[in-house]
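Student: Both chains come to you apart, so use the hints to assemble them.
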Amino acid sequence: MKRLVLGGNDAVAYAVKQSYVDVVSAYPITPQTSIIEKIASFIGKGEMDARFIKVESEHSAMAAAMGASAAGGRVFTATSSQGLLLMHEVLHWAAGASLPIVMANANRAIAPPWSIWAEQTDSLSQRDTGWIQLYASNSQEAYDLVFLAFRLAERVKNPAMVCMDGFLVTHTKEPVAVFGEEINSFISKKETNALLDVENPIAVGALAFPNVYMPLKIEQNNRIFSAKNVFDHLSNEFERISKRKYNQVYTYGEDKADVALVAMGSNAETAHLAVELLAKDGIKAKLVKVVMFRPFPKEELSKALEGVEKVVVFDRNISMGKGGIVKDEIAGALGLGNVIGVVCGLGGVDVSETDMAKVSRGVLDGKVKDDMILWGEV
Amino acid sequence: MSIPKQEIMQSNHLACPGCGAALAMRLALKALGKNTMVVIPACCWTIINGTHGNNFAGVPVFHTAFATTAAVAAGIKATLEKQGKDDITVMGWAGDGGTFDIGLQALSGAAERNDDIIYVCYDNEAYMNTGIQRSSATPIGAETTTTPSPTVKDRPKKDLMEIVAAHDVPYIASATISYPNDLIKKFEKAKSKRGFKLIHIFSPCPPGHKFPENKTIEISKLAVETGVFLLYEIEDGKYKINKKPKFRELDDYLNAQGRFRNTPEEQREVLKEFIRKRWEKLLIKAENFG
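So the sequences go chain by chain: A and B. Just so it is clear: in the first sequence, position 349 is 349 by the working numbering, and no numbers are missing. Just so it is clear: in the second sequence, position 284 is 284 by the working numbering, and no numbers are missing.
Extracted from the complex, chain B is given alone in its bound form (with noise of 0.2 Å):
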């Protein structure tokens, strides 16, 4: 499959140069076409679309706040499907930290409920708006200037994934931006299925992660490379792995990136460790729930 050629989102935005998160929505958009709807609560994206008058996304948006998004988008699809305009697709699209944390209860009302919208955590791994605080979604190890060194983050990141697929939901998929034929096609399965979709986005953020802005495609394929972040989806219960990790020495992807240059060496193993688990996991889950 090729990239569809359409353009929606607009092109002079607001993102920070080499930003993930601006590239991910150009191919979700894509995908998905101009009957869209998209809910952004406080994020990046909420810079990224421009001030009072634009709207770079090109498709409707409704900047909401911040706990709100699965919540809002919900509400839209309710009067949409009241009006019987089936034809429109309802996105929520929300940063790690209005996704992991403070997004979370909303989230798992709609994933609970069943609502007919595709939710997208575009996930840099700390709250990179406000100036790259921790979330939990960062990485065991990150320095963030709330985990500065050496009280780098201790805690491993949450599993969003398998948060939502305890909500047994129709379609949950990870994607990235390296990978955008992948991306978009897990955009296209989402928009084809009825009921609650999760796409979980890992999104580089050059300035929060401290690597060059030219390097963003390149952390995004060391992400998935390495096996720190794992390219599969969870159709009806079903577990497919689409990409299984070559296991690059993870060293790889912590040394292009300053956030990781005080992460202890006990860390480092840690992290290893942590990551050849959620493997092992997922393998078995994909073998036996395949």
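Excised from the complex, chain A in its bound form (with noise of 0.2 Å):
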């Protein structure tokens, strides 16, 4: 184990690179971009040993992707905003088809108008493709989330997507823990488990009449939903090489808190400092970061937010016409009235831990009485 300074692409171009990666497909689009350019630098050094197919655009990027994983190989892509809304048809036919790739998505806004900076939208769009979804909020989680991601992928069949936030993650430099020799014994070289194989030969995905259909969707359902035993089984067994624990759901702060500060990605280090702000004002507070979005963590939500007398939900993401994306579906999940939900850094806008205390402390205050978007003074 060495510590380097990276950011969260550089992050993951790493662990890509120690993950014994078979293809990589991939399309520029900024703030992506430097994890391809990382990983075409790793091959062409020969640093790593994978084929890069350099596609002509994210929907082919997926569908290159497809076809590797298919083959048997390890298979990674990355894009983001934009590309990721193309690819959103091979989405769902990648997690279909339980197909195990991983992909890192760096989180950006959606045009028009133009924005290349941090927002969640673009993958809460893709909340109903059927892929694993789990949220970094600094470079050292985006570095490990890739690893977790391959195995859990691998194991429940189902692709897996590590989101970060735009530039608020993918770029910010952080010191982070990377593994030396020692990370081979959490993931070696893919076994090759194809679906094609010419000794085998069966169609995939061929047409599938009512009641043939409807039992393989329940059937990718439960896989999807297998995800969220092995993500903790396979924490254990991080943990021992690193160390460090990732839980579907990570709390801090008082246990039967006043309040609770839901967040997903950055938003959840901003929140951390908030709930740090409020304790030196005798709030008890607790931060609820999500990690897993996708499946959905419910029961770890449920007990994370046991006993607590209020909830606000920080968005980095809109659904127009309804709110914050991440409070509905706690809300609706665990059947709870107590949720405020707060839209706040679109498109990049800057969330500060003041904020944030100020939006909370107004909750508690009764003032907060309803879903409000934070723009301007608060």
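Check the hints yourself; a few may be wrong.
Incomplete in silico selection of chain A near chain B, CB under 10 Å [what the hints assert, rightly or not]:
1) 54
2) 55
3) 60
4) 67
5) 75
6) 97
7) 194
8) 196
9) 198
10) 205
11) 212
12) 222
13) 337
Simulated restraints on C-beta separations [as the list claims (entries may be wrong)]:
14) B:289 <-> A:214: 43 to 49 Å
15) B:150 <-> A:40: 51 to 57 Å
16) A:211 <-> B:289: 55 to 61 Å
17) A:338 <-> B:84: 58 to 64 Å
18) A:88 <-> B:276: 41 to 47 Å
19) B:194 <-> A:332: 32 to 38 Å
20) A:212 <-> B:150: 41 to 47 Å
21) B:276 <-> A:113: 48 to 54 Å
Bear in mind the hints are in silico, worked out from the structure with no lab data behind them. Just so you know, even glycine gets a beta-carbon here, dropped at the ideal spot from N, CA and C.
Tutor: The following block contains the structure:
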């Protein structure tokens, strides 16, 4: 183990390099591009033995990833924003075909107007594609979650996405503990376990009449749900080599808090500071960080929010005509009536810990009674 | 040469009677053998290959999204190369809609990268699987459900061979099922060459072109004899005409198919002129770059 100063993108590239990836297929898009540049340079220098298909679009990036995965390779791709949206059709396909592709997504706002800055509406719009979604809130998590994503995806036969906020995580340089040889006890060369095999010629994805289609979809739903237990199991294994423990939902602060600040991605780092600010004022506050968004960690969130008086969800995303997506999911799944949603930071707008603390106080004081959009003076 | 005896594709498939595309696959797989993997997007072959649990092609098939054939095939090949399985041929098998229209970008990408795949377009000149809508492969003058008479197609068919030729790939060929020896020879050649290969197959469609189901071979032959469909190859940039058309009366071809029943006389003339010019251009290329 050594420490390198890395942004999230570089951290992901290092993890991919150490994950025995067979095929990379990718297309450039800001702020993801430096991941695939770094991978191209690893391959160019002979430090990584993988094929890199330089496709002509993200639609093809995911399509080529599917082919490579169906032939039994370990496959990685990366994208962001518009690129992820272009992939949408193929994301469904990869998940339906049970292909364990791993993708990094740099969360970026959606045009128009053009924006290259952080927002999670891109990946949350892919909520229903059947992909496992993991959210990193810093470079170390981005690095670690790539290894976990490969193991998880291959174990449950389902693709997995590691998301990190554009620039805030992808480009913020932080010390990252990078594995040496010890990682080989966690991840090794992929076993060839190909859907496509000339000795056993099956047709993948053939037409299914209704009474065949539905059971297959139930099976797919069970597959992705099984990722919850497998993640916990793998997380324990990962902790043994890394001393870092990952949970589907991470909590920090008072157990029976007056207020819980829920956040995903870089917002969680800010919310952590906000919890500390609130604690200084004698308010019992806790952070609830959503690491796994799909499959949805219902029980884990339920446990994390048990006995909490008020819940404030900070969403750096928006479902137009509805509100924050994570808030909606949590309130809906848990049947909670004490949840206030705060849409904030769209298109890379800074969200400060003081703003988060102010809003949380407002919720406790009863001044903030309904969902809100955090914009301008708080 | 003779047609290989081995049958890889199975009978009882779900093609319409007289389907040119079913015969095309049967012949293609005779040439390529069982070490072949096939990528099939939305097209008639989505149905022909059978419902879940079936696989009439007899080799591994990946059914994929409409626009993705060439990219998926490239991905499969990349893994096979990494695994050292160089003896497996990867074939994309798409209709004209999936090739000339929605799949053209992915096709161009794979051709430009020179990915080691065989891309086959079985061209029945319209969206037949959805019920005969015009594609950019539909010939001028043809009636479809989206070009009903009197608004028959008024633009010429896209030139797929020349589009792919512009990518400077090792092998491009046209073929049709009424010349099975020629077709098989081309698949064998494609299999033997590294890099991107395109085979453009003219594939008559009884319900779509509106002719009796026992006339498929005849229509295929007429297309070649009238000069509607030219049989040629572009191997490493060198043009070779495989069959000089007899230039039979175009009306023999048009009148045998209901889709041209409402083609106005002036459009028939435009089509004749189009065929003449295309042949002249091909001759010049064959003479200068043969």
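Student: Compare the structure with each hint and give your call.
Tutor: Here is what the structure says about each hint:
Interface restraint check: residue 54 of chain A against chain B, minimum CB-CB distance 7 Å, threshold 10 Å, status holds. Because the smallest distance between the Cβ of residue 55 of chain A and any Cβ of chain B comes to about 6 Å, under 10 Å, the interface hint for this residue holds. Hint status for residue 60 of chain A: holds, given a least beta-carbon distance of 4 Å to chain B, under 10 Å. Restraint check, residue 67 of chain A versus chain B: the minimum CB separation of about 3 Å is within 10 Å; hint holds.
Residue-level restraint check for residue 75 of chain A holds (minimum Cβ-Cβ distance to chain B is 8 Å; threshold 10 Å). About 8 Å separates the beta-carbon of residue 97 of chain A from the nearest beta-carbon of chain B, less than 10 Å, and the hint is met. With 10 Å as the threshold, the beta carbon of residue 194 of chain A comes within range of chain B, its nearest partner Cβ sitting at about 8 Å, so the hint holds. Given the 10 Å rule on beta carbons, the hint for residue 196 of chain A holds: about 4 Å separates it from the nearest Cβ of chain B.
Restraint check, residue 198 of chain A versus chain B: the minimum CB separation of about 5 Å is within 10 Å; hint holds. For residue 205 of chain A, the shortest C-beta to C-beta distance to chain B is roughly 4 Å, which falls under 10 Å, so the interface hint holds. Among the interface hints, the one on residue 212 of chain A holds; its C-beta lies about 5 Å from the nearest C-beta in chain B, closer than the 10 Å criterion. Checking residue 222 of chain A against chain B: minimum C-beta separation of about 18 Å lies over 10 Å; hint violated.
For residue 337 of chain A, the interface hint is violated, the least distance from its beta-carbon to any beta-carbon of chain B being 42 Å, above 10 Å. For residue 289 of chain B and residue 214 of chain A, the hinted distance range of 43 to 49 Å is not satisfied, since their beta carbons lie about 56 Å from each other. In this structure the hint that residue 150 of chain B and residue 40 of chain A lie 51 to 57 Å apart at CB holds, the actual value being about 55 Å. One distance hint, 55 to 61 Å for the beta-carbon pair residue 211 of chain A and residue 289 of chain B, holds here, with the actual separation near 56 Å.
Checked against the hint of 58 to 64 Å, the pair residue 338 of chain A and residue 84 of chain B passes, with Cβ atoms roughly 59 Å apart. Under the hint 41 to 47 Å, the C-beta atoms of residue 88 of chain A and residue 276 of chain B, about 46 Å apart, fit the expected range. Look at residue 194 of chain B against residue 332 of chain A: about 55 Å separates their beta carbons, and that is not inside 32 to 38 Å. The beta-carbon spacing between residue 212 of chain A and residue 150 of chain B, approximately 44 Å, falls within the hinted interval of 41 to 47 Å.
Look at residue 276 of chain B against residue 113 of chain A: about 52 Å separates their beta carbons, and that is inside 48 to 54 Å.
In this structure, the hints that do not hold are numbers 12, 13, 14 and 19, in rising order.
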